[in-house]
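**Student:** Here is how the chains run, residue by residue.
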Amino acid sequence: MNESSIRSLGLKVVVAASNDENHPPENMIDGNANTFWMSTGMFPQEFIIRFAEMTNVSSVTLDSYNVKHLKVEKNTSENASHFEFVEEKELKLTEGQLQTNSISLGGSNATHLRFIITSGYDHFVAVHKIDAAASSLVV
Amino acid sequence: MVRLRARCLMVGDPAVGKSALSQMFHSDGTLFQKNYSMTTGVELLIKSVNIPESGDSVELYIIDSAGKESLVEANEKMWGVPSLLCLVFDLASERSFGSCARWMERVRTHCKGLQVPGVLVGNKCDLSARREVPTSVAQEWAQSQGLEYHETSAKEMEKCDAPLLSLARAFHALYQERREAIQNLSPG
Ligand SMILES: Nc1nc2c(ncn2[C@@H]2O[C@H](COP(=O)(O)OP(=O)(O)OP(=O)(O)O)[C@@H](O)[C@H]2O)c(=O)[nH]1
Ligand SMILES: [Mg+2]
Numbered sequence: 001m002n003e004s005s006i007r008s009l010g011l012k013v014v015v016a017a018s019n020d021e022n023h024p025p026e027n028m029i030d031g032n033a034n035t036f037w038m039s040t041g042m043f044p045q046e047f048i049i050r051f052a053e054m055t056n057v058s059s060v061t062l063d064s065y066n067v068k069h070l071k072v073e074k075n076t077s078e079n080a081s082h083f084e085f086v087e088e089k090e091l092k093l094t095e096g097q098l099q100t101n102s103i104s105l106g107g108s109n110a111t112h113l114r115f116i117i118t119s120g121y122d123h124f125v126a127v128h129k130i131d132a133a134a135s136s137l138v139v
Numbered sequence: 001m002v003r004l005r006a007r008c009l010m011v012g013d014p015a016v017g018k019s020a021l022s023q024m025f026h027s028d029g030t031l032f033q034k035n036y037s038m039t040t041g042v043e044l045l046i047k048s049v050n051i052p053e054s055g056d057s058v059e060l061y062i063i064d065s066a067g068k069e070s071l072v073e074a075n076e077k078m079w080g081v082p083s084l085l086c087l088v089f090d091l092a093s094e095r096s097f098g099s100c101a102r103w104m105e106r107v108r109t110h111c112k113g114l115q116v117p118g119v120l121v122g123n124k125c126d127l128s129a130r131r132e133v134p135t136s137v138a139q140e141w142a143q144s145q146g147l148e149y150h151e152t153s154a155k156e157m158e159k160c161d162a163p164l165l166s167l168a169r170a171f172h173a174l175y176q177e178r179r180e181a182i183q184n185l186s187p188g
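Those protein sequence lines, which keep their order, are chains A and B.
Under full-length UniProt numbering, the residues of the first sequence are numbered 1 to 139, in order.
Under full-length UniProt numbering, the residues of the second sequence are numbered 1 to 188, in order.
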């Protein structure tokens, strides 16, 4: 199995509320856990990431803060629409340090992943880093 | 530049002036409904507030809900998780002040453990001859609940923007505080 990091998978954030110019969504995929995207009030919050091509995703890893409940959806189309549910998870509260969670996607083929944060431990949540483990590129 | 969004819940007994205050705020003081029209459902008013000297703004999603007891249960389902609370009573009605504790309890069950900045508003301060609730009593109770106290008159346009402006500022301050805390986190 060929594990590749998200950067070489050509990942892009295609849709996300970006309301604090100092903490844009791109901070989630810059490979740096010190920079972050921050939500700016109310739930749900969502963002969509896109792979350069159809990818078989075994899991995603998320470094975050104050996220309580997270849903992951995927699609296999060119556009960021028609998503289907893949997995959801209740994250633990970690005071004073980041939450690190790995979410198994069981080798789903995907072009886009949509993350929906349905609730938080605070009004504002942050995501510092997203990483995906891909078993292979689908040819 | 930061654009925040906050869900602000307006609650309190019937006819205390929740809709009047919401509409005055939303219309920049141009719309005062003299005739009482009871709110039966949940009305949403959206208004953006600029935070002075920051370039930032807070978009308030004002949820104006019915005060009538028999309608509350159905309306509560549409409250969602509030970011901010505006609890209103009528200064000329001791009874409406007495209900505030019950409203607080009800709202708390929707807050999911979040710290929700709130204000207590004694409205209709223009009816001074009919006043039943002294400022000091309301002030003291507000303080015991962690609420900031305001007196307003939607009718006379007396300070009627102050409560919601203050809530917008409180939300902005909370954001800055939280962002600072997150910046200082150690990686997990
Ligand atoms: N004198 C005076 N009357 C007011 C003031 N604010 C509102 N009113 C009047 O009080 C009545 C009730 O006001 P509303 O804003 O509809 O009250 P509400 O709290 O929304 O009532 P519900 O929708 O039934 O829960 C209306 O006739 C308003 O014109 C005020 O500051 N002074
Ligand atoms: Mg009303």
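These are calculated hints, taken from the structure and not from any lab test.
Glycine included, each C-beta is placed from N, C-alpha and C at the ideal position.
Just so you know, not all the hints are guaranteed correct.
Cβ-Cβ distance ranges computed for the label pairs, FRET-style [said to hold, decoys possible]:
{"hint": "1", "chain 1": "A", "residue 1": "Asn-79", "chain 2": "B", "residue 2": "Thr-30", "range": "56 to 64 Å"}
{"hint": "2", "chain 1": "A", "residue 1": "Gly-31", "chain 2": "B", "residue 2": "Met-1", "range": "23 to 31 Å"}
{"hint": "3", "chain 1": "B", "residue 1": "Gly-98", "chain 2": "A", "residue 2": "Glu-26", "range": "51 to 59 Å"}
{"hint": "4", "chain 1": "A", "residue 1": "Val-15", "chain 2": "B", "residue 2": "Ala-74", "range": "46 to 54 Å"}
{"hint": "5", "chain 1": "A", "residue 1": "Ser-104", "chain 2": "B", "residue 2": "Gly-113", "range": "40 to 48 Å"}
{"hint": "6", "chain 1": "A", "residue 1": "Asn-109", "chain 2": "B", "residue 2": "Ala-101", "range": "50 to 58 Å"}
{"hint": "7", "chain 1": "A", "residue 1": "Val-15", "chain 2": "B", "residue 2": "Ser-70", "range": "53 to 61 Å"}
{"hint": "8", "chain 1": "B", "residue 1": "Asn-35", "chain 2": "A", "residue 2": "Glu-87", "range": "48 to 56 Å"}
{"hint": "9", "chain 1": "A", "residue 1": "Asn-109", "chain 2": "B", "residue 2": "Met-1", "range": "34 to 42 Å"}
{"hint": "10", "chain 1": "B", "residue 1": "Ala-162", "chain 2": "A", "residue 2": "Ala-80", "range": "36 to 44 Å"}
{"hint": "11", "chain 1": "A", "residue 1": "Glu-87", "chain 2": "B", "residue 2": "Met-1", "range": "43 to 51 Å"}
{"hint": "12", "chain 1": "B", "residue 1": "Arg-169", "chain 2": "A", "residue 2": "Thr-35", "range": "47 to 55 Å"}
**Student:** Which numbered hints does this structure break?
**Tutor:** Violated hints: 1, 4, 5, 7, 11, 12; rest satisfied.
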